[in-house]
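Participant: Put chain B on the given structure of chain A with help from the hints.
There are 2 protein chains.
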Amino acid sequence: MLTSQVFMSSLEEIRHSLAHLLAAAVLKKYPKTKLGIGPVIENGFYYDFQFPKPIAEADLERLENEMRSLIKAGLDFKGEKLTPLKAKKMFKGQPFKLDLIKEFSKDKKPLTIYHTGDIFTDLCRGGHVKNTKEINPESFKLTHLAGAYWRGSEKNPMLTRIYGLAFNTKQELEEHLKMVEEAKKRDHRKLGKELGLFTIIDEIGPGLPLFYPKGAILRRLVENYIIELQEKNGYVPIWIPHITKGELYKISGHLDKYDAMYPPMKLKDEADYYLKPMNCPHFMMLYKTEPHSYRDLPLRYTATTTNYRYEKSGELSGLTRVRALTQDDCHVFCAPEQIESEINLMLDMIGQAYQDFGFKDFWIRISVSDPKNKEKYIGNPKVWQESEAALKTLIAKRGWRSEIGVGEAAFYGPKLDFILKDVLGREWQLSTIQLDMNLPKRFELEYTDAAGKKQQPVVIHRAILGSTERFLGILIEHFGGAFPLWLAPVQIAIVPISEKHLDYAKKLKSELSEFRAEISEENETLGKKIRNAQLQKIPYILVAGDKEIEQNSANVRHYKTGVLGNMKLESLKEKLREEIKNRTNSS
Amino acid sequence: MLTSQVFMSSLEEIRHSLAHLLAAAVLKKYPKTKLGIGPVIENGFYYDFQFPKPIAEADLERLENEMRSLIKAGLDFKGEKLTPLKAKKMFKGQPFKLDLIKEFSKDKKPLTIYHTGDIFTDLCRGGHVKNTKEINPESFKLTHLAGAYWRGSEKNPMLTRIYGLAFNTKQELEEHLKMVEEAKKRDHRKLGKELGLFTIIDEIGPGLPLFYPKGAILRRLVENYIIELQEKNGYVPIWIPHITKGELYKISGHLDKYDAMYPPMKLKDEADYYLKPMNCPHFMMLYKTEPHSYRDLPLRYTATTTNYRYEKSGELSGLTRVRALTQDDCHVFCAPEQIESEINLMLDMIGQAYQDFGFKDFWIRISVSDPKNKEKYIGNPKVWQESEAALKTLIAKRGWRSEIGVGEAAFYGPKLDFILKDVLGREWQLSTIQLDMNLPKRFELEYTDAAGKKQQPVVIHRAILGSTERFLGILIEHFGGAFPLWLAPVQIAIVPISEKHLDYAKKLKSELSEFRAEISEENETLGKKIRNAQLQKIPYILVAGDKEIEQNSANVRHYKTGVLGNMKLESLKEKLREEIKNRTNSS
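For the record, the sequence lines run as chains A and B. Using the numbering used here, read the first sequence as starting at 220 and increasing by one per residue. Using the numbering used here, read the second sequence as starting at 220 and increasing by one per residue.
Don't read these hints as lab results, they were simulated from the structure. Model, not experiment: these values are computed from the prediction. Be a bit skeptical, because a hint or two may be false.
Since the list can't tell identical chains apart, any single copy or any two copies may satisfy a pair.
Stated by the list, open to error - Within a straight-line C-alpha distance of at most 35 Å, the following computed DSBU-like cross-link-like pairs (lysine-lysine) qualify: (1) 756 - 507; (2) 611 - 719; (3) 779 - 507; (4) 673 - 728; (5) 728 - 794; (6) 792 - 601; (7) 469 - 531; (8) 305 - 325; (9) 325 - 531; (10) 469 - 487; (11) 291 - 726; (12) 531 - 360; (13) 352 - 297.
Just chain A, with the same shape it has in the complex (with noise of 0.2 Å):
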């Protein structure tokens, strides 16, 4: 009976349940403390409190067993109406819910609490077990402490947040603990800094990171591996400045309709200049130079190019975050018969750029138009039919998991986005390939068809990497900053035992120099030179000796695997270039 019950409630009365625990668990131990309120959260809850006196972190575990207890002892969860007066007496002692039932009886809803057996009794809308023992008592925790105002405004009393994770089994909590564990190591910004791979500076701004010799140098790879496989596919690239007159965005609309431009840099003599948000409106204009036939179509038009985005400082974070951003953009301009054709040349590649940059858990959100509110959209509704048909069609052949958003779809064309799993399981929205039947009439663009009638375009927008810094924040964590050696910024550290040693060193650097090598020349002990290269996570070590340069070899180890002992350096070549082209992660 209990365990069915435990099916039935769902995770979110059981965090719901939690928080009411918490607040009971608090007045025990502090009996004047005065509540806030007690949310629900993404995995868990947390309740705001008035503390007579501060607590500390070191107080968590106290309440946590009180609420364990609390759990064990069997309470039943009990509704009950009740007017605004007799809910006014109730809560007579505690202001901030006072403050809650003026609101809600102003709106003139109907006010609710809910009993915890007799030992606690909340405002609350509902949503709980029925009893406290269909909660797992090792399956919750109390996290950490943190300052939040009353109702979110500064002009309030600054609360005390309690932060608490709960889930159905203790396994549950355990793996998520050390999944917040990892994905702490792994933080991009902390292994940024440890790595020497970027940094931000305030007097440049929150928000634009710059990038040391080993950043920039991995931000070239992923770029420029994009770039070759747009290239071996049919793509050119264009280059395109990073700024323009207003004019250009008002043709394009985004002046009225996009709020996260940076504002105009104003000029005596002439218009308004900005700097571009998206690519989209260059694009177009460029296109629109030349006549075009319908032989030269599809022009599959590629920029590696920065765009400013005034995102809120608050918002900002790392890489993933940023106000430049620098996207592997391309826009095809193609007949409508060619659609299906381009997005399944666009999937080819995605799926590769996947595979090779070791990400193996992926699906597909298919935003489609939605068949009742057919006005809603502009474009050809044959146009519009094909591309959705084909849209799901080429995902369904491949066997990738999608799911289909009716009614989701822009009102200029359908939409795929693309949701990556990274190692840690978290999700993050990286590839997208839009259909667009509205910039294409909004600059009146055209090509001449084989009939020699002129025809409108159709561009389809597609990103592989969506930024280049957002990828490379989710590359460093997913891979913890130990890159495979393709993407290494440092692929072999050179070690040499002592300072007569540095010669050999030096000759093993420029008999690797098709590899990126470094030297370590810092004055400390041989095991310490070791120990720095395994910290900057550099794949693999040559320490260089007397037996090295007797046997012209290196002495071979892997930052993962460990020593792989000597090698000639004909082998050793041999087995790092073939590690290289697979692209394969030897850990």
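Facilitator: Chain B only, in chain A's frame:
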């Protein structure tokens, strides 16, 4: 006697005298003409006239002939001083001259007039040949007409300006005319359009070129050449954003002093942001984020990154004067004792680059401090003295031509400017090497020396190409759009004789995938297709027909050297690889 006088009269005097002769000829042919002014300009002279009725360029030859008659008449130039009153009387029918007399007499300047024989008199400060016989009647030419407002103001009448060229000899004139003709053909704005390299779009803005695929490939080849050259020589890339808070430019001092900056982007809740007009401050800040030991120096940071300068729209021209300029920028942070070897390495790289790009003729301006004005300069006098001596010695050792500009150094360091001559003999300022003892001080840069003491590094700024855009403009004109194989955006045009040879053409393209090849699929005759490929200045044209299919070969012709005949693919590939490797221009 005459000959020696020709040598005595400077070219300036000849040009000035020709201006007078032009006015005399005009008055003879069109007596009611009102005269403006007639100064000497680069390569010749002009004179402004108000004709009773418009003349055409076809009339210029008659004027030229009239001038030749005057030259042959052996007229003397003679000056005379006179009072303003007399002058007014003399020029009473010439309103523009009266304007000048009014102005000159207000300034209480002495008035002079010059007579040419007894047929013409002009208001003039002098500087003429003694006799018209000193002028070679075959060494000048009237070239064209243009409109020009009297005294340059729109409020005044529009006059007709007649331009003339003049040199010492007929041969010099002819060489100049040939050069102008050739420069017109090679104009990078014209070729940029014809070869599909770049365009400028009104709605985006002047000085902001966009690059078509062929131009984008050319850009990348040029930029990557420099990147590879740098990294082979121990330089490392960094990456910096294109915008910054104004705070950075307060530290660097640019905010007050640099006037080509775009105006700020003004935000409500943050400091103003600026587009970067130069990279130095970003480089300085990146250096400053980490501690440095003498063991790390020299640190050679590079970035190929775009800067934005608000040049007046009237001064913009194609690629050679733009508002978005991409620099192959580098800043070397080094100890004072490393300056010489660092500059020597830079000279190696610059020399190598010029050779590889096919520029053989260049000289160097060495700007050093003024020993009489020592208080003008900041930094250690010993560093000044040694580095100036090193600059001179290093250049002299290579046998490179140079000029020393005493007192032309900036207050913060001596400097080298490289001036390149293109194939038409025009000079372009290209590479720069500049020592800087100021920014390291303003940014408080440090390194720890071998004794554990804090020291200030010296910064050396360096650019090889200067800006990608400008260099491309020069390169296009230097090669007249017929790039050497390694730089040609399309290296091979494959021309199938008829539609039935298209499959073989595709096979050829795929077998030549290591090169940039295009198939000519136009619906044209063979002759037209070959001509089109030649107009596009594609180095190699492969014709594919029945015979070639049979022999698995291609019929090869070169854009310049003509038919090379039937070649097996392997030997063609070998030939092309060799040509690319040697960066030769097989013209």
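Participant: If a hint holds in the structure, say so; if it does not, say that too.
Facilitator: For each hint, the structure was consulted:
Taking the closest pair of Cα atoms, residue 756 and residue 507 come within 35 Å of each other only across two copies (24 Å); inside a single copy the shortest separation is 49 Å, beyond that limit. For the identical chains of this complex, residue 611 and residue 719 are neighbours neither inside a copy (65 Å) nor across copies (37 Å), given an alpha-carbon limit of 35 Å. For a Cα distance limit of 35 Å, the shortest separation of residue 779 from residue 507 across copies, 33 Å, qualifies, whereas the shortest one inside one copy, 53 Å, does not. Taking identical chains as interchangeable, the C-alpha atoms of residue 673 and residue 728 lie at most 35 Å apart only when they sit on different chains, with a minimum of 31 Å there against 60 Å within one chain.
Within a single copy, residue 728 and residue 794 get their C-alpha atoms as close as 16 Å, and across copies as close as 32 Å, so both meet the 35 Å cut-off. Neither within a single protomer nor between protomers do residue 792 and residue 601 lie at most 35 Å apart by alpha-carbon distance, with minima of 56 Å and 48 Å respectively. In this assembly of identical chains, residue 469 and residue 531 lie within 35 Å of each other by CA distance both inside one copy and across copies; the values are 24 Å within and 24 Å between. Taking the shortest Cα distances, residue 305 and residue 325 sit within 35 Å of each other inside one copy (15 Å), while across copies they are farther apart (100 Å).
For the homomeric pair residue 325 and residue 531, the shortest alpha-carbon distance inside one copy (34 Å) is at most 35 Å, but the shortest distance between copies (63 Å) is not. Taking the shortest alpha-carbon separations for residue 469 and residue 487, both the intra-copy value of 20 Å and the inter-copy value of 23 Å come in at or below 35 Å. In this assembly of identical chains, residue 291 and residue 726 lie within 35 Å of each other by CA distance neither inside one copy nor across copies; the values are 70 Å within and 78 Å between. Only within a single protomer do residue 531 and residue 360 lie at most 35 Å apart by alpha-carbon distance; the minimum there is 32 Å, versus 65 Å between protomers.
In this assembly of identical chains, residue 352 and residue 297 lie within 35 Å of each other by CA distance solely inside one copy; the values are 14 Å within and 121 Å between copies.
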